[in-house]
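Asker: Kindly generate the complete structure, drawing on both the sequences and the hints.
Numbered per my numbering, the sequence shown spans residues 9 to 313.
The hints are simulated quantities; they were obtained by calculation from the structure and are not laboratory data.
Warning: the hint list may mix true and false statements.
Heads up, simulated SDA-like pairs for lysine to any residue below, C-alpha to C-alpha not over 25 angstroms straight-line [to be verified]:
1. 178 / 161
2. 178 / 303
3. 178 / 265
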Amino acid sequence: MKEQSAAGAEQHDLPAQVGQFARDHGQAADFPEHLSRLVLNLLAIRILGHSRVIASPAITAAIERHREVSEKVDLLDVLGLAPQITSDRMRRARGIASSFDDRIREELAHRGDPSVPQVAVSEQRDLIVNLLTGFESVWLTCLWSLLIMGHYPALGDWVRGDGMPGQRRKRLAAIIRETLRLYPPLPFIYREPIEDMDLPVGRVRKGEMICVSPYVVHRHHALWHDPEVFDCNRAAETYQGFPYMPFGLGARRCVGAAAGPELAIEILDGLLADHRPVASGEFPLPRGGMSLRPMGNPAISLERL
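Answerer: This is how it looks when you write it as structure tokens:
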């Protein structure tokens with residue numbers, strides 16, 4: 009029993025788990041994919057309350073299929089017409105999402121930590137959505153940050169500094185804030201007015217679809233000084249409220265706006281404790297969609313110090 013408890017505690021030890029991941033997969037050709045599974049498993053530990061591994065090639069492939077199909081919606085789907093006349097493509101997307109939901113529900117039914125309260129059936133869907141959206145945001149924040157430090161080694165050297173963990177985490181926080189500015193996980197946010205209203209762009213009627221792009225807002229020359237420059241020395245107040253909105257603003261701001269960056273800091277801190285990111289080729293262009301991903305297969309790996 010003691011051995012099992014010790015093993016469970018070790019699995020919950022995030023720095024040790026991330027450090028082992030860096031040693032095992034840092035040189036993998038498909039490092040970004042391995043990183044995505046690590047983030048999904050760590051989020052499962054935080055959200056589901058146990059250390060069972062839920063990320064597998066099958067699960068991550070299902071997430072990818074769902075994302076790809078959802079991004080290729082037909083005009084009928086965008087217009088929100090009746091389900092019976094929507095496309096086969098969206099029906100397949102719903103089926104994939106449903107099967108993934110079932111897998112998560114199985115995990116909820118077999119929680120490994122009895123000290124964590126069970127999740128009510130009525131709350132399971134919200135939990136699944138938080139797990140999926142949180143996974144994508146944290147993973148992409150870590151990936152973009154590693155790509156930036158890999159392509160600009162001096163920035164990685166600055167992060168490591170004198171090697172003190174406290175200093176490294178503080179500087180990683182600055183890296184992540186600026187990464188979220190230039191590469192916000194959600195490039196588009198859609199809202200629907202509940203009443204007619206006048207905006208600087210003109211009059212908007214109740215029920216119309218409004219699209220706000222954090223990617224555009226964060227790079228607007230009227231709102232930022234040298235917006236295309238990655239600058240970790242921007243004042244902390246710069247990242248508080250509009251125009252900084254990687255997680256949205258107002259009442260519908262993402263509930264993980266604080267927890268997500270903190271987890272990203274922990275992951276990067278563990279990855280960079282004994283390794284440095286190395287990138288080759290050109291810096292990848294961002295690809296818009298449901299999330300802001302690097303285009304193609306970015307060449308990024310970890311090199312042992």
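Asker: For each hint, tell me whether it holds in the structure or not.
Answerer: Going through the hints against the structure:
Between residue 178 and residue 161 the alpha-carbon distance is near 18 angstroms, which keeps this suggested pair within the 25 angstroms criterion. A C-alpha spacing of about 29 angstroms is found between residue 178 and residue 303, which places the hinted pair above 25 angstroms, so the restraint is violated. Straight-line distance between C-alpha atoms of residue 178 and residue 265 comes to about 18 angstroms, which keeps the hinted pair within the 25 angstroms bound.
When the structure is compared with the earlier hints, a violation turns up for hint 2 alone.
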